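Visitor: Taken in sequence, the protein lines are chains Y and S. Position in the first sequence (first residue = 1) + 451 = my numbering. Position in the second sequence (first residue = 1) + 49 = my numbering.
Incorrect hints may appear among the rest.
The calculated SDA-like cross-link candidates involving lysine to any residue, where the alpha carbons are at most 20 Å apart (straight line), are [as the list claims (entries may be wrong)]:
#	chain 1	residue 1	chain 2	residue 2
1	S	K111	Y	K524
2	S	K185	Y	R469
3	Y	K524	S	G143
4	S	K173	S	A223
5	S	K111	Y	R669
6	Y	K524	S	K185
7	S	K185	Y	E528
8	Y	K454	S	G175
9	S	K185	Y	G530
10	Y	K524	S	L106
11	Y	K454	S	R152
12	S	K173	S	Q220
13	S	K185	Y	S470
14	S	K185	Y	T671
15	S	K185	S	M148
16	S	K185	Y	E473
17	Y	K454	S	L106
18	S	K173	S	A130
19	Y	K454	S	G123
20	Y	K524	Y	M502
21	Y	K454	Y	E528
22	S	K173	S	S189
23	S	K111	Y	I670
24	S	K185	S	G175
25	S	K185	S	E149
26	Y	K524	S	G184
27	S	K185	Y	I670
28	S	K185	Y	A467
29	S	K173	S	V222
30	Y	K524	Y	L474
31	Y	K524	Y	K454
32	S	K111	Y	T671
33	S	K111	Y	S673
34	Y	K454	S	A223
Coverage of chain S stretches by chain Y, computed from C-beta distances (three or more under 8 Å per stretch; other residues unrestricted) [stated by the list, open to error]:
#	segment
35	106-117
36	218-230
37	245-255
It is worth saying that the hints were derived from the structure and are not from the lab. Predicted, not measured: the structure shown is a model, and the values here were computed from it. Backbone N, C-alpha and C fix where the C-beta goes; we use that ideal spot for every residue, glycine too.
Chain by chain, the residues run as shown.
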Amino acid sequence: MGKAFYHVLMRDIRLALRSSHELANPLIFFVLVVSLFPLAVTPTPEALRAMAPGVIWVSALLAVLLSLDRLFKQDYEDGSLDQLMLSPNPLMVLVLAKVLAHWLLTGLPLVLIAPLLGMFLALPSAANEVLVYSLLLGTPVLSLIGAIGVSLTVAVNRGGVLLSLIVLPLYIPILIFGANAVDVAMSDMSVRGQLLFLAAVLALSISLAPLAIAVALRITASR
Amino acid sequence: MSDTSPPLLEINDLECIRDDRELFSGLTFSLGQAEVLQIEGPNGSGKTSLLRIVCGLRLPDKGGVHWCGEDIRGNREDYYARMVYLGHLPCIKGDLSVMENIRVLLDTRSMTLPDSDIEPALYKVGLAGFEDVAGKALSSGQRRRVLLAFLDLAQADLWVLDEPLTALDVQGVALMEQMILEHREQGGSVIFTTHHGMQLDCDMRSVRLGRVS
Chain Y
452 MGKAFYHVLM
462 RDIRLALRSS
472 HELANPLIFF
482 VLVVSLFPLA
492 VTPTPEALRA
502 MAPGVIWVSA
512 LLAVLLSLDR
522 LFKQDYEDGS
532 LDQLMLSPNP
542 LMVLVLAKVL
552 AHWLLTGLPL
562 VLIAPLLGMF
572 LALPSAANEV
582 LVYSLLLGTP
592 VLSLIGAIGV
602 SLTVAVNRGG
612 VLLSLIVLPL
622 YIPILIFGAN
632 AVDVAMSDMS
642 VRGQLLFLAA
652 VLALSISLAP
662 LAIAVALRIT
672 ASR
Chain S
50 MSDTSPPLLE
60 INDLECIRDD
70 RELFSGLTFS
80 LGQAEVLQIE
90 GPNGSGKTSL
100 LRIVCGLRLP
110 DKGGVHWCGE
120 DIRGNREDYY
130 ARMVYLGHLP
140 CIKGDLSVME
150 NIRVLLDTRS
160 MTLPDSDIEP
170 ALYKVGLAGF
180 EDVAGKALSS
190 GQRRRVLLAF
200 LDLAQADLWV
210 LDEPLTALDV
220 QGVALMEQMI
230 LEHREQGGSV
240 IFTTHHGMQL
250 DCDMRSVRLG
260 RVS
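Let the hints inform the model, and build the full structure from the sequences given.
Guide: Following this line, the structure appears as structure tokens:
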């Protein structure tokens, strides 16, 4: 089972690295959106600092949302998804590997580049650190919840809007707690509560989302 | 296997409704070891739907599929370890080489084979020397041949083949026929659909699906 997990993970990473332009898309989107904001508003350090947590978190969220399609679309279209579902290994383990690959290739780069963007927006270094933690805990949840939405909509033509409608309401608590953690860190207060909440949601998503994704994929395939 | 053991695959009173249209109902048949079964019927009669139900990819509206006497829904692990399904879609990744594509397909079955085992299979399907060619550079017939190599390597008891002759040339068709015969000789079973004439030199049963007007 562990081997099957590893094989799916490596397959997805290898496939993504071979089409690297697609890989760079969410990251470029993230950097562009965040760096456009100072041009559109008064670029005083105070103003930038005040909006930085929200801007960075919203851009990260949208970058993940835009990349979700890649998770199952191609596999669905070329029939690989059927083969995955016909594997003797539990489907939830295999989809967890796919989601992990997706996060490693989209979420993690966002987390790594975020402190730089935090500096652009004049975030103090303590808040910048909290930004990394909150994204580190939050972006895997975005991938996991997003995967549930994609597995329900992958068979729908132009399911993008539908996907957003399904997924965005579930993203909102993550957005609120993630951005709030950074906000609070700027006033030198404890962010323990927010980070623990994000960690709890992550633990819950890792344990339950694969089950939901597997069931949703079986429903999609039975159409 | 003793005579009293259940047949490999049993289909009981199956019904499939698609978009409010009944494709088939009351469908009952079984498949034993070393048996070849052709599903016949015009376009839109539900052949693909039937095969997807047999694989457990699609849920029947009524009835069930049993593997070795057990419902496949409670028995996926054992069933999937012993069957292979090839559908319409190519399952070939354009960005992976032929060898990598075969490995990916085998990996999903938890089979790890050395190159020295995969090469003869590629030779058999006429793709010797294509090991490192990317999937996107293959013609659609060659993609089907990659799947045939996978089929050859998969060591499955049951083959479920949906239009296996699509895009294959004359030699490819002959190869497919020969592979089915060999598979049957080794005690394997096959369910397939095709609109092309498949000349199989063996006992073959058929199930006919009619369009219900």
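Visitor: Work down the list of hints and note, for each, if the structure agrees.
Guide: Against the structure, the hints:
In summary, the hint linking K111 of chain S to K524 of chain Y is not supported, as the alpha carbons are separated by about 30 Å, beyond the 20 Å threshold. With a C-alpha separation of about 12 Å, the suggested pair K185 of chain S and R469 of chain Y falls inside the 20 Å cut-off, and the hint holds. Our distance criterion of 20 Å between C-alpha atoms is met by K524 of chain Y and G143 of chain S, whose separation comes to about 14 Å. Distance hint between K173 of chain S and A223 of chain S is fulfilled; the C-alpha atoms sit about 12 Å from each other, no more than 20 Å.
The straight-line distance between the Cα atoms of K111 of chain S and R669 of chain Y is roughly 17 Å, inside the 20 Å bound, and the hint therefore holds. Taken as a hint, the K524 of chain Y and K185 of chain S pair is honoured in the structure, with Cα atoms around 17 Å apart against an allowance of 20 Å. Between K185 of chain S and E528 of chain Y the alpha-carbon distance is near 15 Å, which keeps this suggested pair within the 20 Å criterion. Taken as a hint, the K454 of chain Y and G175 of chain S pair is broken in the structure, with Cα atoms around 31 Å apart against an allowance of 20 Å.
For the hint pairing K185 of chain S with G530 of chain Y, the CA-to-CA distance comes to about 15 Å; that is within 20 Å, so the pair holds. Among the hinted pairs, K524 of chain Y with L106 of chain S is consistent with the structure: their alpha-carbon atoms are about 17 Å apart, no more than 20 Å. At roughly 13 Å between alpha-carbon atoms, K454 of chain Y and R152 of chain S fall within 20 Å of each other, so this suggested pair holds. A C-alpha spacing of about 11 Å is found between K173 of chain S and Q220 of chain S, which places the hinted pair at or below 20 Å, so the restraint holds.
At roughly 13 Å between alpha-carbon atoms, K185 of chain S and S470 of chain Y fall within 20 Å of each other, so this suggested pair holds. For the given pair, K185 of chain S sits about 27 Å from T671 of chain Y by alpha-carbon distance, which is inconsistent with the 20 Å threshold. With a C-alpha separation of about 13 Å, the suggested pairing of K185 of chain S with M148 of chain S holds against the 20 Å cut-off. Between the alpha carbons of K185 of chain S and E473 of chain Y the distance comes to roughly 17 Å, so the proposed pair stays at or under 20 Å and holds.
A C-alpha spacing of about 23 Å is found between K454 of chain Y and L106 of chain S, which places the hinted pair above 20 Å, so the restraint is violated. Taking the CA atoms of K173 of chain S and A130 of chain S, the gap is near 24 Å; set against the 20 Å cutoff, the hint is violated. For the given pair, K454 of chain Y sits about 23 Å from G123 of chain S by alpha-carbon distance, which is inconsistent with the 20 Å threshold. Only pairs whose Cα atoms come within 20 Å are accepted, and K524 of chain Y paired with M502 of chain Y is rejected, the gap being roughly 35 Å.
A threshold of 20 Å between alpha carbons decides the hint, and for K454 of chain Y with E528 of chain Y the separation of about 25 Å lies outside it, so the pair is violated. Restraint check for K173 of chain S and S189 of chain S: the C-alpha separation of about 18 Å stays at or below 20 Å, so the hint holds. Distance restraint check for K111 of chain S and I670 of chain Y: the Cα-Cα separation of roughly 16 Å lies within the 20 Å cut-off, and the hinted pair is therefore satisfied. Distance hint between K185 of chain S and G175 of chain S is fulfilled; the C-alpha atoms sit about 18 Å from each other, no more than 20 Å.
Simply put, K185 of chain S and E149 of chain S have alpha-carbon atoms about 13 Å apart, close enough for the 20 Å limit, and the pair holds. With a CA separation close to 18 Å, the supplied pair K524 of chain Y and G184 of chain S stays within the 20 Å bound. Restraint check: the Cα-Cα separation between K185 of chain S and I670 of chain Y comes to about 30 Å, which exceeds 20 Å; the hinted pair is violated. Taking the CA atoms of K185 of chain S and A467 of chain Y, the gap is about 15 Å. The hint holds against a cut of 20 Å.
For a cut-off of 20 Å, the pair hint linking K173 of chain S to V222 of chain S stands: about 13 Å separates their Cα positions. Taking the CA atoms of K524 of chain Y and L474 of chain Y, the gap is near 15 Å; set against the 20 Å cutoff, the hint holds. With a C-alpha separation of about 24 Å, the suggested pair K524 of chain Y and K454 of chain Y falls outside the 20 Å cut-off, and the hint is violated. For the proposed pair K111 of chain S and T671 of chain Y, the alpha carbon gap of about 19 Å is at most 20 Å, so the pair holds.
Pair hint K111 of chain S plus S673 of chain Y holds up; C-alpha atoms about 14 Å apart against a cutoff of 20 Å. About 37 Å separates the Cα atoms of K454 of chain Y and A223 of chain S, which puts this hinted pair outside 20 Å; it is violated. With 3 residues having a Cβ less than 8 Å from any Cβ of chain Y, the segment 106-117 of chain S passes the three-residue criterion, so the hint holds. Only residues whose C-beta sits within less than 8 Å of a C-beta in chain Y count toward coverage, and the segment 218-230 of chain S has 0 of them, not enough to reach three; the restraint is violated.
Proximity of the segment 245-255 of chain S to chain Y, defined as three or more residues with a beta carbon under 8 Å from a beta carbon of that chain, is not established by the 0 residues found.
When each numbered hint is compared with the structure, violations occur for hints 1, 8, 14, 17, 18, 19, 20, 21, 27, 31, 34, 36 and 37.
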